[in-house]
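Protein chains: 2
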Amino acid sequence: MWKANRITSRLSIQWPIIQAPMAGGATTPELVAAVSEAGGLGTLGAAYMSPRHIRDAIRAIRERTEKPFGVNLFIPEDFDEGQPIAANVTAALRAVRRELDIPEDPPITSFTENFAEQLAVVLEEAPAVFSFTFGMLDPRSLQALKQKGVTVIGTATTVREAVALEACGVDMIVAQGSEAGGHRGSFLPDAPSNLIGTMALVPQIVDRVSIPVIAAGGMMDGRGIAAAFALGAEAAQLGTAFLTCPESGAHPLHKQAIRETSDENIVLTRAFSGKWARGIQNDFIRKMTPLEHELPTYPVLNALTKDIRAASGKQQQSGYMSLWAGQAAPLGRELGAGELVMQLVEETKRVCGSLG
Amino acid sequence: MWKANRITSRLSIQWPIIQAPMAGGATTPELVAAVSEAGGLGTLGAAYMSPRHIRDAIRAIRERTEKPFGVNLFIPEDFDEGQPIAANVTAALRAVRRELDIPEDPPITSFTENFAEQLAVVLEEAPAVFSFTFGMLDPRSLQALKQKGVTVIGTATTVREAVALEACGVDMIVAQGSEAGGHRGSFLPDAPSNLIGTMALVPQIVDRVSIPVIAAGGMMDGRGIAAAFALGAEAAQLGTAFLTCPESGAHPLHKQAIRETSDENIVLTRAFSGKWARGIQNDFIRKMTPLEHELPTYPVLNALTKDIRAASGKQQQSGYMSLWAGQAAPLGRELGAGELVMQLVEETKRVCGSLG
Numbered sequence: 001m002w003k004a005n006r007i008t009s010r011l012s013i014q015w016p017i018i019q020a021p022m023a024g025g026a027t028t029p030e031l032v033a034a035v036s037e038a039g040g041l042g043t044l045g046a047a048y049m050s051p052r053h054i055r056d057a058i059r060a061i062r063e064r065t066e067k068p069f070g071v072n073l074f075i076p077e078d079f080d081e082g083q084p085i086a087a088n089v090t091a092a093l094r095a096v097r098r099e100l101d102i103p104e105d106p107p108i109t110s111f112t113e114n115f116a117e118q119l120a121v122v123l124e125e126a127p128a129v130f131s132f133t134f135g136m137l138d139p140r141s142l143q144a145l146k147q148k149g150v151t152v153i154g155t156a157t158t159v160r161e162a163v164a165l166e167a168c169g170v171d172m173i174v175a176q177g178s179e180a181g182g183h184r185g186s187f188l189p190d191a192p193s194n195l196i197g198t199m200a201l202v203p204q205i206v207d208r209v210s211i212p213v214i215a216a217g218g219m220m221d222g223r224g225i226a227a228a229f230a231l232g233a234e235a236a237q238l239g240t241a242f243l244t245c246p247e248s249g250a251h252p253l254h255k256q257a258i259r260e261t262s263d264e265n266i267v268l269t270r271a272f273s274g275k276w277a278r279g280i281q282n283d284f285i286r287k288m289t290p291l292e293h294e295l296p297t298y299p300v301l302n303a304l305t306k307d308i309r310a311a312s313g314k315q316q317q318s319g320y321m322s323l324w325a326g327q328a329a330p331l332g333r334e335l336g337a338g339e340l341v342m343q344l345v346e347e348t349k350r351v352c353g354s355l356g
Numbered sequence: 001m002w003k004a005n006r007i008t009s010r011l012s013i014q015w016p017i018i019q020a021p022m023a024g025g026a027t028t029p030e031l032v033a034a035v036s037e038a039g040g041l042g043t044l045g046a047a048y049m050s051p052r053h054i055r056d057a058i059r060a061i062r063e064r065t066e067k068p069f070g071v072n073l074f075i076p077e078d079f080d081e082g083q084p085i086a087a088n089v090t091a092a093l094r095a096v097r098r099e100l101d102i103p104e105d106p107p108i109t110s111f112t113e114n115f116a117e118q119l120a121v122v123l124e125e126a127p128a129v130f131s132f133t134f135g136m137l138d139p140r141s142l143q144a145l146k147q148k149g150v151t152v153i154g155t156a157t158t159v160r161e162a163v164a165l166e167a168c169g170v171d172m173i174v175a176q177g178s179e180a181g182g183h184r185g186s187f188l189p190d191a192p193s194n195l196i197g198t199m200a201l202v203p204q205i206v207d208r209v210s211i212p213v214i215a216a217g218g219m220m221d222g223r224g225i226a227a228a229f230a231l232g233a234e235a236a237q238l239g240t241a242f243l244t245c246p247e248s249g250a251h252p253l254h255k256q257a258i259r260e261t262s263d264e265n266i267v268l269t270r271a272f273s274g275k276w277a278r279g280i281q282n283d284f285i286r287k288m289t290p291l292e293h294e295l296p297t298y299p300v301l302n303a304l305t306k307d308i309r310a311a312s313g314k315q316q317q318s319g320y321m322s323l324w325a326g327q328a329a330p331l332g333r334e335l336g337a338g339e340l341v342m343q344l345v346e347e348t349k350r351v352c353g354s355l356g
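Residue numbers (the working numbering), protein chains in the order written: chain A, 1 to 356; chain B, 1 to 356.
Read the hints as simulated data drawn from the structure, not as lab findings.
Careful: at least some of the hints might be erroneous.
Below, a list of computed lysine-lysine pairs in the BS3-like style, where the Cα atoms sit at most 25 Å apart [to be verified]:
| hint | chain 1 | residue 1 | chain 2 | residue 2 |
| --- | --- | --- | --- | --- |
| 1 | B | K306 | B | K349 |
| 2 | A | K349 | B | K349 |
| 3 | A | K3 | B | K314 |
| 4 | A | K306 | A | K349 |
| 5 | B | K287 | A | K349 |
| 6 | B | K349 | B | K287 |
| 7 | B | K287 | B | K314 |
| 8 | A | K287 | A | K349 |
| 9 | A | K314 | A | K3 |
| 10 | B | K3 | A | K3 |
| 11 | B | K255 | B | K287 |
| 12 | B | K3 | B | K349 |
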């Protein structure tokens, strides 16, 4: 029975379907609450949000549902604020800014939000789930969350990362296959280049850890969810599928790009943030790809492209926006989030039943 | 019911499990026959075999089984025999040859076998299945095969390739996900770089063609096979899983490398043949990777490394062999091929049953 397992019972959710955290505005309180209210688990992608904004969003979710939901943050890492930016990269960014008619050399006010302050809000608000990406949570924070009754979920893209996460004490692991849209959660050296597909990754991780595994990457409908359970996952995490819901805060041009893309047009790029992420090919990726080896690292490049992404959104120019999407994006639909959850459940039931 | 579908009925096989063609000696008549005899479909990876060798192998299979089996060839493509070889590449190959104590500049006697003559043998012998990789079969050959009652199967790594193959008249399509070991079957421009995972590729192809789809890439046990059927495939094609069978002709060091590899150690490389293929990281790949942009194309590089691969095999040096493997290779077992088929069937039944 795929419907009742360690994840549904631990999280008190009806369906083992998780709406993936998507930092950058897509996971509005309306989206998160609608998914949870329908019996899945909504997740607030809070990595780029200020502590105050996170608190407001959590409260807005709670106004809409009493059901469990999650909050996701990025684990910070050391970086060189003053790293030299290659002249080619600066020139390319300036050219884009000229096209958008925004200042050529805007001051960078901050590189990231303050993680300790973000986490303090999560601890105070104590949502049912805290998930994190890009590393390992320090043991003290992990214990503090657990003492508040928060279930802690880490993200792995290789077996080695999954084993390290289990050892650090997380309750569950997201096994993120290479099909996944947005940022790859890789954090151990060399891992990002391996690009292990969901089909290969999930059963290998399931065999090597004893805690529950959540499959992510390439699932858009009941076929994908049923496949994830066949592989041994106890829940399926879908991002792109929820991006096109009316409750999603994704830019209308982002939603349109998902409607119109083909499988071949979804690429892996460091162009926007300095970290590898998957999205729909556009002018910005095309301009930056030749500079791949000169690009600054995260979060420096992320800070350098922030004004560009914001202005292109305002100006309705999808060419310079980050159009994150997974490799199965062409299977997308446009249903209300609650309706989508119910349809996913019905499809999964049907597929599972047809295999028996 | 995953067990009875258009593929099992068309091919008169008991189980929709196909042993993948693996050119280079792994698919001995013993392996192919054992898989078919157990109720799956064995496939002779005949691309590098001479016409006479193909005929002998087909007859050797028929001495061992009366059940259906397949033969696979590579579709030839135009190439420049006289393409200049970068000095760096020549120097690197010479250095490897010196280490192996073989002639530094061996004459290249041929680049590929003669496809027309290979296909003529297939037409005469008329196995139940002819599958092909790296392109489209010309309409005349396709019709000739069909008139002989041969089922024709093409290989796609993108939706566009699958649609093109259906239009050219094949009976079935292998949807080869990026997890797959050995050569990627990509043939349309730009496709190799997309690396679409099995989880995302299979349902997209299923939705866009009306002929049956065979999933390939990342499946090693009943979990993977059940997942493939959940995604809408009507058969699962496994290569790496059969490579470690005692009947497989893979080099003992290749089998050992599969036993010992981790998920992170399986990489995509053009180092051996000039075409992208997935295998276990070794010294040869490490030496050639920095020269990636200077490597000659297929089949020129394939011909240039032939002596190296042969000598390293003879000298028990796995560092210079092509150790093809899919991303789920660490899930490998060492069972007789017939026993493996039966175990895969039992596992698939169990997984499918557990989902109902």
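Verification of the supplied hints:
no.	hint	result
1	B:K306 with B:K349	42 Å, violated
2	A:K349 with B:K349	17 Å, holds
3	A:K3 with B:K314	53 Å, violated
4	A:K306 with A:K349	42 Å, violated
5	B:K287 with A:K349	50 Å, violated
6	B:K349 with B:K287	44 Å, violated
7	B:K287 with B:K314	21 Å, holds
8	A:K287 with A:K349	44 Å, violated
9	A:K314 with A:K3	42 Å, violated
10	B:K3 with A:K3	24 Å, holds
11	B:K255 with B:K287	22 Å, holds
12	B:K3 with B:K349	9 Å, holds
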